[in-house]
Amino acid sequence: MKFVSRVIAMMFLPAASAIGAVETIEIPWSQTASMGATNCCTYSSLSWWNGEFTYTQKCSSYAGSCIGSKRGAFWHFDLSSIPEDASILYCHFKGQTEFSDMGGDTTVGIRGTSGSLSNTMAYSVINSPEWQYNGYFWGGTFNFSLPANIVESAREDGMLTIYTYVSNSGGVDVHNTGPNAARLSIAIDVAPVIGACCMSLGQCLDSLTEEDCAAKGGTWRGVDSSCGLVECEKMEYAQLHHRIVGGSMLSTGEPSWTVDVFAAVAEGDRVEAVAGNSLQQKMISSTYGFYQDAYGGPTSKEINPAFYPFAPDLHLDSRVTIGALDMTGDPFDENNLGVVGIDWEVFESGGDLSVGNGTWYVLADQEQGVAQPFVSQDCSEQYGVRIARLTAMGLDSTIMVEALVQGRDEYGEPWQDLVDHTFAYEEVQDCNGNQVSDTCDIANGDSQDQDGNGIPDECENVCEGDVDGDADADVDDLLLVIGSYGMAGDDLDADLDGDGDVDVDDLLSMLNYFGGC
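Add 49 to a position in the sequence shown, counting from 1, and you land on the number used in this note's numbering.
Please keep in mind that the hints were generated in silico from the structure rather than gathered at the bench.
Because the structure is a prediction, the values reported are computed rather than measured.
Heads up, the beta-carbon is just placed ideally off N, CA and C, and yes, glycines get one too.
Careful, some of the hints might be misleading.
Cβ pair distances, simulated, as ranges [stated by the list, open to error]:
{"id": "1", "residue 1": "SER96", "residue 2": "GLY271", "range": "52 to 62 Å"}
{"id": "2", "residue 1": "ASP261", "residue 2": "THR73", "range": "18 to 28 Å"}
{"id": "3", "residue 1": "THR301", "residue 2": "ALA520", "range": "50 to 60 Å"}
{"id": "4", "residue 1": "GLY277", "residue 2": "THR73", "range": "49 to 59 Å"}
{"id": "5", "residue 1": "ASN406", "residue 2": "THR301", "range": "32 to 42 Å"}
{"id": "6", "residue 1": "TYR185", "residue 2": "GLU459", "range": "52 to 62 Å"}
{"id": "7", "residue 1": "THR301", "residue 2": "ASP542", "range": "27 to 37 Å"}
{"id": "8", "residue 1": "SER256", "residue 2": "GLU282", "range": "16 to 26 Å"}
{"id": "9", "residue 1": "ASP261", "residue 2": "TYR172", "range": "48 to 58 Å"}
Starting from the given sequences, assemble the full structure and let the hints guide the process.
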């Protein structure tokens, strides 16, 4: 018993923005019966209650005698199993006829009702349905669309009664038991269970589900809680995190380690100033002092990357900043760092930085103050702003950073927070050069380590002879070597032996590697 597809196609879903968690529930009938006729074609009363089949047929007579009485089919559904806070998106009346050739012209009516199925109720559905369909009823399995708004309104009555009359003199039996028994299939939009969420930095976020709060790293405060009614333990706006760049990278070979220090804040926040005042004076210290390059300076504004080729240790110079690594603004378009009231003499001599009445800062409209995603040394994924790159002398040294950090939240409201962080060196490997340790890449799922040796698989799966980087050594790579034949210089992809030119040795190597990956 399947209705024509054009009826189903007329259904429309609500806008996606109105849908929360969508679930489908199926409601079995609570009562079913057929209504027979005493004088062949005039309905009389309900009978054939709750049987294996519910039967419907038209009346027919022959030579003035009734040879088949009219019967209408009724199914009574209890809507109380629909959650109170859910709304109905769409609804179907589903089932299966006993035989696939059963069918005929059909009338279907529905009405919200209450209590038990009765004769009076059945007549109300026949004579004054809240919605009625006249069409054709095909045999077999059926899936008939009902208007969601009518079913939704029937929830106030508690029950929904469906009347079906198929004008087939042979009659139609609809299964009431088995996997395709007559039933309502209702898709509902379940309102999310929301509450307040206390974040690790102290902010309170309203209207989050428990799952969304956990995904943000927060603590959910319960159903229907709100930030106006809960008190998060401590209102912190910023925390200090670090990420080790590497160890003993100075060209002199002296034991040292280089680290980036970040002010971690909420996503959408800004960091605009790092300061020392009467509340927070001592700012940056190291057990054995800091490396300071002769070509560098105390802030990122004095680091000129054009000097890197002849001053290779300059990129390890200890400096403070807001976001940018050097005077170009890297990774931003420019560096607008400003400084007020700081004496750099001791720091530039390799000692501590102590500030009692000064700050380095950027203005509120400058991009480099916007929090960016980064991975901390503890492998946590954070949002924050780099405030220093430091190279500490001695692998057994400890760095301490203290500061008054000032910024703005995502709504532009200013905040201040006193922060401190003490940390020591730990050896890191970064084989793929993404500025995240291999350990964190693997732990966070950004790299695979199928053999479990602690080395990301992409660092081990090297294809010799792969000039074009597509993980094989084929005719395209051979053509690139031939096309580069006779060239000389640094970083030539076709220079397979790394001797600074592309010659016959590279061509022979390519022929040897050909087809090997």
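Hint check results:
1. SER96 <-> GLY271: 52 to 62 Å: Holds - the Cβ-Cβ distance for SER96 and GLY271, about 53 Å, lies within 52 to 62 Å.
2. ASP261 <-> THR73: 18 to 28 Å: holds (23 Å)
3. THR301 <-> ALA520: 50 to 60 Å: Once the Cβ atoms are compared, 39 Å apart, the range 50 to 60 Å for ALA520 and THR301 is violated.
4. GLY277 <-> THR73: 49 to 59 Å: Violated: the Cβ-Cβ distance is about 36 Å, outside 49 to 59 Å.
5. ASN406 <-> THR301: 32 to 42 Å: holds (36 Å)
6. TYR185 <-> GLU459: 52 to 62 Å: holds (58 Å)
7. THR301 <-> ASP542: 27 to 37 Å: 33 Å Cβ-Cβ, so the 27 to 37 Å window holds.
8. SER256 <-> GLU282: 16 to 26 Å: Check passed, 20 Å falls within 16 to 26 Å.
9. ASP261 <-> TYR172: 48 to 58 Å: 50 Å Cβ-Cβ, so the 48 to 58 Å window holds.
In summary, the numbered hints that this structure violates are 3, 4.
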